[in-house]
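Construct all of the structure, not just a fragment, from the sequences and the given hints.
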Amino acid sequence: MSINATVFGQLFIVWLAIATIIIAVLAKRKTQSPILVTVIGFIASFIPLISIGMMIMLALKNDIHTPDSKTASSVKV
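Residue numbers (the numbering used here): 4 to 80.
Derived from the structure by calculation, the hints contain no laboratory data.
Please note that the accuracy of each hint is not assured.
[Claimed, not checked] Listed next, the in silico SDA-like pairs over lysine to any residue satisfying Cα-Cα at most 20 angstroms (straight line):
#1 Lys33 to Ile43
#2 Lys33 to Ile67
#3 Lys33 to Asn65
[To be verified] Computed spacing ranges between beta-carbons, pair by pair:
#4 Asn7 to Thr69: 44 to 52 angstroms
#5 Ala27 to Leu52: 16 to 24 angstroms
#6 Ile24 to Asp66: 17 to 25 angstroms
#7 Ile55 to Gln13: 14 to 22 angstroms
#8 Lys31 to Ser5: 34 to 42 angstroms
#9 Ile43 to Phe15: 12 to 20 angstroms
Here the structure is a predicted model, which is why all the values come from computation and not from measurement.
Yeah, the Cβ is synthetic: ideal placement off N, Cα and C, and Gly gets one too.
Have a look at this one:
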């Protein structure tokens, strides 16, 4: 099976979508500015090694603490 330019292009488009979605989910949980990080992640997805590195960096980063209405401390008894 030979991989021609059409198949390569389709795989590349799928990679862009998947990598951007993963980066967006991680950025939402782990950064103060998720839209900016997602845009940078989309641009980084054009070079797969950079986007993989960005995913690893975001995965290893600590979650941000936001006040949530679902926590036990905010429930009044």
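Those earlier numbered hints the structure runs against, lowest number first: Result: no hint breaks.
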